[in-house]
Each structure stands twice: as C-alpha cells, then as structure tokens.
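So the sequences go chain by chain: A and B. Just so we're aligned, residue 42 is where the first sequence starts under the working numbering, counting upward by one. Just so we're aligned, residue 218 is where the second sequence starts under the working numbering, counting upward by one.
Calculated directly from the structure, the hints in this document are not laboratory data. One should not assume that every hint holds.
Partial list, computed: chain B residues near chain A (C-beta under 8 Å) [as the list claims (entries may be wrong)]: (1) S239; (2) F262; (3) L307; (4) F320; (5) G324; (6) L327.
All C-beta atoms in this analysis are idealised placements derived from N, C-alpha and C, irrespective of residue type, glycine included.
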Amino acid sequence: GNSVTQMEGPVTLSEEAFLTINCTYTATGYPSLFWYVQYPGEGLQLLLKATKADDKGSNKGFEATYRKETTSFHLEKGSVQVSDSAVYFCALSSFSSGSARQLTFGSGTQLTVLP
Amino acid sequence: KAGVTQTPRYLIKTRGQQVTLSCSPISGHRSVSWYQQTPGQGLQFLFEYFSETQRNKGNFPGRFSGRQFSNSRSEMNVSTLELGDSALYLCASSLPTGAGELFFGEGSRLTVL
C-alpha cells in the first residue's frame, strides 16, 4: 500500500536558518505530492503541491521538488521565521475506483523557530 | 470564498454516548472527506463522500458512519463512544478535478470522558 515517511522531529532552528524536512514515499502509479502545515489549534493548510516528476512546488518561500528516482519530496526554506513554527505534514494523493480520493499522510514534523 | 466550516469546534462526551459532527464544504466542492487526528496514530482516513455516495472508507469500526446531503454538506456520527475516540476530527472538501488536494476545516475536537 501507499506510505509516507517523514523526518522525525521535533526540529528547532534559529531565525533565518535553512530548513530541510525530509519526506520519502512508497506508492503505486504516479501520485501527486503535497506539503500541509498545521498551526496550533487549527486545521491543515495546503502549503504546496507537485503533480508529476521533476515538478517544483513553491509557496511563501518554501519549496519541494518531486523526485521520482529517489521517491522523495523534501521541504526546504532558505530563511525561516518565528511565524513558520508549526507542524508540517507530507502527503500523497491516491485514487481508487470511481475516482475516490484519499490522502496518505506522514507522521508530521514539529518545527520551532527561535528568535 | 468561505472555507470549510465544521461544527461544533469543541465537545465533551462520556463513554457510551454518541456524537454527530457537521461539515459544510467550500462552495462548489462536491467531495467531502473525514480524517481522525490523534497524537498516537496521526492522521487517519475515515471516509469520503461524493454526490451523497460513500466512495471510499478507511479501516474504522462500524461505529463510525457518515452521510452527505444533496447540498454537499456532510455529517459524521460516532456511536457508543470509547475513550480512544478522543481526537480532532477534520473534514476536507475538494473539486472533482485537480491533483487531489484537499482543503481542510479547523476541525472538531472531541473529548470522551
């Protein structure tokens, strides 16, 4: 079945540091890949997505490239801010019969950015 | 454009009771999915509805059920609550086309005592 493996947290960085959160996946076919972010007490917000190999998703300074050869979708940001403190989830989208959609999530990585 | 709206945001129940959670999707979105989020199990898929039909179901006992109405609004019900049902229940909606991305509500936080 499908699975997503994320870098264990928590991750603590100083403001303006470089961020990498690793994500690898196992899936049949050609899934779409996503990063979601969850701030305390809130639901999940879509951060970025990529739908095919070598696609780069980007948003708010975050980037991730869909690497089919390494089955990876690592999240990066060149300079983090305190406001980036949140939990980050890597996910893949699979389609079953009748075009039913389901996201498979990684376990989440807690990021804390210190001023 | 209004986002996904879930009610209630917080609720407390006791073991053996039942609970109904409500979700209003983004206007124009006809697919609604439900996920359970717990510290131990993470995010787990419950079920997905499209045009009032359940298209997909996760690995949860029959105590967990849902339905979708003609206006795409959805409800999920948990009967005979157990302590382990304490969780954040997230509803998400999506368009029938696209990459499969979901748009989530803020969730309903259920505590079972």
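Checked hints:
Taking 8 Å as the C-beta contact cut-off toward chain A, the hint placing B/S239 at the interface is violated, the least distance being around 15 Å. Hint status for B/F262: holds, given a least beta-carbon distance of 5 Å to chain A, under 8 Å. Interface restraint check: B/L307 against chain A, minimum CB-CB distance 6 Å, threshold 8 Å, status holds. The restraint placing B/F320 at the interface with chain A holds, with a minimum CB-CB distance near 7 Å, inside the 8 Å limit.
Checking B/G324 against chain A: minimum C-beta separation of about 5 Å stays under 8 Å; hint holds. This hint is violated: B/L327 has a C-beta 14 Å from the nearest C-beta of chain A, more than the 8 Å allowed.
Of the numbered hints listed earlier, those contradicted by the structure are 1 and 6.
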